[in-house]
Amino acid sequence: MAEHSEGGVHVASLKLLVVVLIALMFGTWLTVSATYVDLGALNIWIGLAIATGKAALVGLYYMHLRWDKPFNAFVFLTAFVLLGLFVGITMMDSAHYQHVIIPDWPNK
Amino acid sequence: MTASRITDHLVGLAGALPDDRSFWMPPQVSTVAQGVDWLFHFILAISVFFFLLIVAVMVVFIIRYRRRGGRAAEPSPSHNMALEVTWTVIPLLLVVAIFGFGFKGYLDMSTPPANAYEILVDAQKWNWSFTYPNGYVDADLHVPVDRPVRLVLSSQDVIHSLYIPSFRIKMDVVPGRYSKAWFEATQPGEYDLFCAEYCGTSHSDMIANVIVHPVGEFETWLEKASNFLETMTPVEAGRKLYQVRGCQQCHSVDGSAKTGPSFLGIFGHEQALADGSSVIADENYIRESILEPQAKVVAGFDPVMPTYQGRLSDPEISAIIEYLKSLDTTTSEE
Amino acid sequence: MAGHSHDAHHDPDLAHHFESADQQFQSAKLGMWIFLATEILFFGGLFVAYSVYRSNHPEIFIYGHHFLDKGLGALNTVVLIFSSFTIAWAVRAAQLRQIKLLKLLLVATIACAFVFLGVKYVEYSTKWKHGLLWASKYDPHVEDHGEAPHGGEDEAHGAAEMSAETAPSEGNGGAAAATTAAGSAGTEAGAEIDSGTQETPGTPETSPAGEERSNIPVAAEGPGGLAADDGTADHDEVGDEPRKAQIFFSIYFLMTGLHGIHVIGGIVAMLWLLRCAFRGDFDGGHFTRVDMVALYWHVVDLIWIYLFLLLYLIH
Amino acid sequence: MAVDTLTVNGAVGVDHDHRESYLTTGHGILSWLFTLDHKRIGVMYLVAILTSFFLGGVFALLVRTELLTPGQTIMTADAYNKMFTLHGAVMIFLFIIPGIPAALGNFVLPLMLGAKDVALPRLNLTSFWFWMIGAVFSLVSIIVGAVDTGWTFYTPYSTTTSTAVISMTLGVFILGFSSIFTGLNFIVTIHKMRPEGMTWFKMPLFLWGLYSTAIIQVLATPVLGITLLLLIAERALGVGIFDPTLGGDPVLYQHFFWFYSHPAVYIMILPAMGIMSELMSVFSHKHIFGYRFIAWSSIAIAIFSFLVWGHHMFTSGQSGLTNMIFSALTFSVAIPSAVKVFNWLATMYKGSIELAAPMLYALSFLFLFAIGGLTGLFLGALSTDVHLHDTYFVVAHFHYVMFGGTVIAFLGGLHYWWPKMFGRMYSERWAQLAALLVFVGFNLTFFTQFVMGSHGMPRRYYNYLEEFTRFHQASTVGSYVLGLGFFIMAGYLIHSLFRGERASANPWGAATLEWETSSPPPANNFDRELIAGDPYDLESLRYEPAIKGWVRKDPTSIVAAEGGAT
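Chains as they are written, first to last, in the working numbering: chain V, 43 to 150; chain L, 1057 to 1390; chain Y, 23 to 337; chain R, 15 to 580.
Take these hints with a grain of salt, some might be off.
Taking lysine to aspartate or glutamate and the EDC-like style, the derived pairs with C-alpha atoms no more than 20 angstroms apart in a straight line are [what the hints assert, rightly or not]:
(1) L:1314 to R:368
(2) R:364 to L:1339
(3) L:1236 to L:1164
(4) Y:92 to V:80
(5) R:216 to R:368
(6) L:1314 to L:1358
(7) R:567 to R:515
(8) R:567 to L:1331
(9) R:364 to L:1196
(10) L:1352 to L:1339
(11) L:1296 to L:1202
(12) V:111 to Y:145
None of these hints come from the bench; they were simulated from the model.
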């Protein structure tokens, strides 16, 4: 699957890189075509799922996370967890105060 | 010890306060005030206890274990699970309790009774205006005693915050949305209303009075105040409008230029406009400037005045015009 | 990363304060990953803004995305993914000391980056042509409002006037809004007061009503004549413009703009790598720099994968 | 070299004049400005932030003087608004946030690790230069009309005011990156450069403090970056995300701002707590009590700090549900803080307490931070916060935490590591006087503000009701006492640089590694590989009157087997 340079660091095989590339291209095609099928609220989630799959491929193989020190992956993922927290709470709060917003302010 | 010096000092200071209030809190004039103050003093008690505990232990240790004559440290365990867990858990329980009380009190504050009396509050740099159900607008907040009052707040420009210490209520007034607050005053009198969210130059002057009327007197006050256009001379009515409708925040009557030109002696005189032309400040020009402020801006001023379209009635505008006339120092009549 | 100049050392690539090349490499790598984490949170802010507006005003996104060109977006996605592949390969080349190949792949990656920017330029200029810009400049071909003044404050007013003038043309939604406005202003004269004040206490509660209003694409709300906007992508499905449509374009330009800046940064970094390659810095198999830049470039790619989905592919 | 090894062991009297230290290697201003030596960068940071502190202090005194009387005293309302904004912005972004990590941390962290430098020296220098550039932008804003928004830059005020908001926010934006780079560097250094024998739980607690601080710096600061970028875009282009006149949402801005700025409070206090742990142990000549609880509580605080931002928005129009959640989470931060305080107290038990200047600061920290922390309870509880929010009660609370906590600990740390930094001792007597004045002045300044606040005196007020006059005057007098304290401090510290008595390698009797090298240390820190033992094993030291310093009872105990650095 992979050779090793004398540094002891991992070297990804070309074959693997190409396979991932093809997978990513397929993913892109999938995302685009998915939007032409009406699945209502589901569309966005499917789209996000595919996108995340692509992101995972890039992270694991192109960015070597699969062979890297786990802590590096942990650091990277922490950022997403925190982002999720930020998005989640802010969305929840804004949804709760929408009704007091004057739709066409400042037209009076 | 300095701590005692400070407390002495503060006891002295407490004398500086009006005597209708405790050392820590302003008078309790709303139904929620008592609950808030109770929690405040509950937390205060806990805080004082722990503070004294910490300082006492500290002082005792300093005296007892002071390094003198090469006195070395005595051996003692460098950790003690039981002890540490104890002083982790005890504070935990206390703060849970505090949260509970705080949340309960907050629920009371944020849910107004159904039958509440409705007053619209309009905030703009840097004054408040209060609109009563009959459409009358006043610069002060007049409310009946022992009756829930619900405030619907909105802002013309930036964020303000309505704060009545004696009622223990505070609510930000955010442009582009309605915020709500409610209270039920418990004793007649006059109280302060502050703007608590920084809003620029005259933020600290964005103050109004809260007048709590005794039973029955509120209605008569509103009745009398509402038809000031009839009861007052046009000039007096105009002056009142000038004061309560936010004119005086930007237009002086002593000739000094503020955000906008002074009203002193402009009526009937030629005004140079920003676009280079000029105009005679007659009734029509003033009316236009009130309804379409951006139409003819006086030279040297920014086009920042909000329109009063639909916010001033014709009689009110006429009254203002009469007031401006009365400010005309010269006798010349074009 | 060389250490102190005055600190002679057997391995020129090993800084004086490290014990081993591996320690140095791992340090650089951890540092890079932390930096990438900060990048995610940096962009994160914009994703928060996106989510908040998308969840509360889906209509403006459904409306706005019609003006983006899916084809070009997809093209750019493909280009970036390919560049990710080339730079990943470049790292491999550097690790195996295939310097010639490395140079070639770096050039390829840089080329992709430029193609990406080129396509973006095409997209931006179309938006510009149709005045589909961020909020204060949002002016889809309404001549008489063409000159929105510059500078924060003025713009605010400019926008205010703009919408103010179109207010009269509002349908029933507008009328309702007018009464609520009466409440908020609270200074209406005569009869309107009563309606105003009766309305207003309700207003905050009538959330469903309020929501509906903002959601119903009432004809001719906002800058009139947009509906008759011509020439932009698949125009036929475009409904009437909802309120706050300008926010979509603000978010579009902020997100793609910030991403574009990162692409430019990537180009600079890769040009630097190219220079190092020609200087022979990598001949000794010291590929840390290539690895770091590659990691950065992959993140630029990752972010675009999401931008493409969230901005172009709205259903 | 031989001399070095001996003096480092502290076995013989030190004669610095013949020795090279990081201060003497390399001459001329450029050898400083472009150095990669963490110690020099630390010293440059120290000079820079102390200058900012002086500046911010002057602004503070002007603000207090203006408040001597209601209405105009010495300046107009607009000038006052700019003054308190500058005080806040300078103190927070230029002084407190970089204060302990970038100045003291930079100097001490590698030394505590027995390392030669931080992991990424170039990034370290970059961070310093970013700080300088950011500072220039912020200060330029003063020249081009200053800023009158308050340090929080709330929209829509900040997007509509005519003052130089862009320059200031751009400056803060750049300062943010400086802070990120420092944090990033510290995390990598602590992960990759710990010496033989220093497991995670053998790390000095100051490093735990810096580590948890760094976590917040790298995870929270980017959000400040994007927030300010949006604010700049708002002003320059009018993107309308936060501007209601363009369909935006001002409350959203507050979420953005506090998502960074609340964790930022812990960026300020966590390293201070780290210093406290060192001081309490060293000056009680006693092993720190409950090491693990203190270490974990730092990490706990770092994590909780991301979950409480909404408690700045209880009256902002934030929904009731969100208020409840944030109020509940806010109290969670109280626990680890309480644990630390109790453990510090317990450290003194049966110790041998030496009331040297650094310890005086540590003790006033306990006193002041207790008040600061406890008054936080009033503000975390929803119903009381509604009354107290945006009043002087809040002002007093965060000054008790930020000044009574962070600044006092910073001063403690400064006096503690001063001999190590410059190889000179300051005048103990003057130091104690200054510490006393600072303590008295501070309490007089800010305790009065608690009372004003609970009586409803809103903050950021240029004018105020007559009834508050006496409180304001007391507060202002206090601020002058405070100023005098700092004036004296500046005097004896500067004096010590030239006339101060030479400091031995380990004047206090601490067991952490930075005291194993000479004072001031040589350019490459250590001339030997060190192995770390228990950083609080103070019994392993004995006082050596000959050199007025402490030495290892067994000098070889900390020398790595192979010895001699490569």
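Hints versus structure:
Between the alpha carbons of residue 1314 of chain L and residue 368 of chain R the distance comes to roughly 62 angstroms, so the proposed pair goes past 20 angstroms and is violated. Of the supplied pair hints, the one linking residue 364 of chain R and residue 1339 of chain L is violated, its CA atoms being roughly 87 angstroms apart against a limit of 20 angstroms. Annotation: proposed proximity of residue 1236 of chain L to residue 1164 of chain L holds, straight-line Cα distance about 14 angstroms (limit 20 angstroms). For the suggested pair residue 92 of chain Y and residue 80 of chain V, the alpha carbons sit about 17 angstroms apart, so the restraint of at most 20 angstroms is met.
Restraint check for residue 216 of chain R and residue 368 of chain R: the C-alpha separation of about 25 angstroms exceeds 20 angstroms, so the hint is violated. Proximity of residue 1314 of chain L to residue 1358 of chain L is assessed by CA-CA distance (about 11 angstroms); at most 20 angstroms being required, the pair is judged to hold. Distance check on the hinted pair: residue 567 of chain R and residue 515 of chain R sit about 25 angstroms apart at the alpha-carbon level, beyond 20 angstroms; violated. A hinted pair counts as satisfied when its Cα atoms are at most 20 angstroms apart, and residue 567 of chain R with residue 1331 of chain L does not qualify at roughly 88 angstroms.
Straight-line distance between C-alpha atoms of residue 364 of chain R and residue 1196 of chain L comes to about 63 angstroms, which puts the hinted pair past the 20 angstroms bound. A C-alpha spacing of about 14 angstroms is found between residue 1352 of chain L and residue 1339 of chain L, which places the hinted pair at or below 20 angstroms, so the restraint holds. Between residue 1296 of chain L and residue 1202 of chain L the CA atoms are separated by roughly 29 angstroms; this puts the pair beyond 20 angstroms, and the hint is violated. For the hint linking residue 111 of chain V to residue 145 of chain Y, the alpha-carbon distance of about 41 angstroms lies beyond 20 angstroms, and the restraint is violated.
Hint compliance for this structure: hints 1, 2, 5, 7, 8, 9, 11, 12 are not met, and every other hint is.
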